[in-house]
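Residue numbers (my numbering), protein chains in the order written: chain R, 1 to 305; chain C, 1 to 65.
It should be emphasised that the hints constitute simulated quantities derived from the structure, not laboratory data. Some clues are possibly wrong.
Partner residues aside, some chain C positions facing chain R, computed with beta carbon under 8 Å [unchecked claim]:
id : residue
1  : Glu7
2  : Glu42
3  : Thr45
4  : Val61
5  : Thr62
For each residue, glycine too, the CB sits at the ideal point set by N, CA and C.
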Amino acid sequence: MKCTRCRKTAHVALPSHHSGFCADCYPLFFTKQVETAIRREKMFTRGDRILVALSGGKDSLALMLELKLQGYDVTGLHIDLGIPNSSDKARNKVENFCELNELPLRVFEMAAWGLPIPDIKEHIKRPVCAVCGKMKRHHFNRIAVEEGFDVLATGHNLDDEVARLFANTLRWDTAYLSDQGPVLPASDGFVRKVKPLFRLSEFETANYAFLKGIEIHSDPCPYAGGASFTSHKELWGELEHRSPGQKFQFYQSFLKKGKPAFAQVEKETGAELKPCTECGSPTSAEICSVCRIRAAVSESKAKAE
Amino acid sequence: MIIVNLEPDGKRIELNDTRSVLAVLNKLRLRSTMAIVVRDGELLTSDRKLSHGDELMVRKVTSAG
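Isolated chain R, as found in the complex (with noise of 0.2 Å):
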């Protein structure tokens, strides 16, 4: 196969573009993709201070890479989730990966704050995954609130758009499908948040990774095990394999027509958000989950001693 640019050996082969591209042009193909995506959403300006969620994994760091490289003003975060043997292997990479770029980091200790990933999944009888990305949510953006940041990007890319899209059909989520998009607006007590990579599937990031010599962190996490969204992923890159394109679609064809009827139905029967009692961040009950959460770890360790 030849570079669709300048016809030399491709690397990397697109089909859902029709094209192909070596190593020299594909990363020309990625920075157009990520600019297009900031400036048809509106995203941000080179005027804002941008805080990028880095998990340490090909995605976020990409994007972080690609930002900085774009000129924009970007802080990394990167929340240690306190779980033996994989927590503290994404954290180096995440500070190695800073380091060698000289790009500013914050670090936010779960274990710190009195409630690693562990805990939770002893204490908790809930899948551990939802409980932990509603910690790393209410972090990211209570942070980026405090620290005055007029944006919060994640490294979420089209795969994960359109995972949790389908897994947002099959309940047929109208509060969630009312807001699912590549930015969601602020509000009282929420950052601006952005998707950047929004247009681009995980094997597109991963090229792009590859080739800008990023060092990732990609063991699976020991949690992880059997998630739906990871066998829902494999559902579609079957549907993408054999009808190219299709992903990018799906999610396009939401955003411009599926997306404002929920958006309609929420906003006539959706729960008002107010101050949290305890934290002080924005929640439809009296206190917010994840300060429920906290109360019921304590709650369940001082019991079992």
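Following the hints, put chain C in place on chain R, whose structure we already have.
Relative to the frame of chain R, chain C by itself:
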């Protein structure tokens, strides 16, 4: 024979009678956009031919999210 180092599984696999990247991916039951394939630091598209003794890194791209 082709040697495959599969990531993130950390497995080392030997494949016989395999002469292209596509054949390797088929034997691993992977589609071409589900993994990146690298030989001597070079990314390979699925149509590339392989030689006896080639050693590949096949890195699956799906993250747990």
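* To do: May I ask which of the numbered hints given earlier this structure violates, with the numbers listed in increasing order?
  => Hint check: nothing fails, all pass.
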